[in-house]
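Asks: Chain by chain, the residues run as shown.
Number of protein chains: 2
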Amino acid sequence: MTTARRDTYTPETLLSVAVQVFNERGYDGTSMEHLSKAAGISKSSIYHHVSSKEELLRRAVSRALDGLFTILDEEHARVGRPVDRLEHVVRRMVEVLMGELPYVTLLLRVRGNTETERWALERRRDFDHRVAELLKAAAADGDVRGDVEVRLATRLVFGMINSIVEWYRPDPRGSGEREVADAVVQVVFSGLRST
Amino acid sequence: MTTARRDTYTPETLLSVAVQVFNERGYDGTSMEHLSKAAGISKSSIYHHVSSKEELLRRAVSRALDGLFTILDEEHARVGRPVDRLEHVVRRMVEVLMGELPYVTLLLRVRGNTETERWALERRRDFDHRVAELLKAAAADGDVRGDVEVRLATRLVFGMINSIVEWYRPDPRGSGEREVADAVVQVVFSGLRST
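If you read the protein sequences in the order shown, they are chains B and Z.
Reading the first sequence from the start, the letters are residues 1 to 195 in UniProt numbering.
Reading the second sequence from the start, the letters are residues 1 to 195 in UniProt numbering.
It is worth saying that the hints were derived from the structure and are not from the lab.
Treat the numbers as computed from the prediction; the structure is a model and nothing was measured.
A hint or two may mislead.
Just so you know, same-sequence chains aren't split out, so a pair can sit in one copy or run between any two.
[Stated by the list, open to error] Derived lysine to any residue pairs resembling SDA-like cross-links, with alpha carbons at most 25 Å apart:
1. 136 <-> 47
2. 136 <-> 177
3. 43 <-> 186
4. 43 <-> 175
5. 136 <-> 175
6. 53 <-> 25
Just chain B, same shape as in the assembly:
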């Protein structure tokens, strides 16, 4: 079986196995031995694909970060009233989180012990900052309430979105994704109370 799997191994499948192990054991608690066992290939086969455990981490969190930053380049995030751009970004963040669930989960658990982790935290802060700027612009337009401080509102919205990794499990039919994204947008922008 090991031989069979070795033949079909690609950097992509190795990454997917590594992310799963990182999420289960924690990045610090994962050794190359663990990865080799989980992947069913030898350590030297892993080194054929990547130079280190940290390179796997970098590739994995890059995938999550690229997914998030791509949102900001989308037309609906760049053109229009800030409040509508913000709504687009919030919806797409939920979609990216669900679509890249293990990668975003790993990104959210990064602690800052290695250079790669510190880089990932810095990129996360950049992203948070970009979203906070959008919220600030929407507040300046009077489209977002002024009685909730921008940094606090950003933290609460990110808190709600990021908490989805704790309970969301992909539905093979993908039917739940739209419902979750809609619900987040409804709560964040309109609240639960009927008007």
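Take the given structure of chain B and dock chain Z to it, following the hints.
Replies: Below, chain Z alone, put in the same frame as chain B:
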């Protein structure tokens, strides 16, 4: 110094040290040795106060759970329209979380490896269920929007509130607490968009 601290030790101060260590190292990763070192008292002195590490965990998560369940017995949580009772509960959850920060943080990290952890998870589920029932009653009254499914809305609201443990640090003047509680209530019930 060890002797001096030993004299003033109470079950209360021991609990406070234990919770801090559990939060830093994880409950599983904490030994009686770690607790003894952090508290500056011998292991046998600890056993004078408690029978096991698990008893300390039970006392700590009980403190958080008691704080949360007490909310449900408050007059404003029992009397009035469900939507207003729900608003009271949400505000008070935020206050209890900030007031009992290390205890609630520990409660939210419980994994279910021991009997005490499974008991704590069960009590958390009970609490979540009680809040979901309130949300359902408010929706039945037409006071809460019907287009967000109750279980999903409950998860998102708990997600937002629980995420506060990730960044909130007590302000000696306590001035930030009111602002955070107000912000959560505003976002959850009215949303960010100006109307």
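Asks: Now, for every hint given, state plainly whether the structure supports it.
Replies: Outcome of the hint check:
no.: 1; hint: 136 <-> 47; in the structure: neither (46 Å within a copy, 54 Å between copies)
no.: 2; hint: 136 <-> 177; in the structure: between (28 Å within a copy, 22 Å between copies)
no.: 3; hint: 43 <-> 186; in the structure: neither (48 Å within a copy, 53 Å between copies)
no.: 4; hint: 43 <-> 175; in the structure: neither (39 Å within a copy, 54 Å between copies)
no.: 5; hint: 136 <-> 175; in the structure: between (33 Å within a copy, 23 Å between copies)
no.: 6; hint: 53 <-> 25; in the structure: both (13 Å within a copy, 23 Å between copies)
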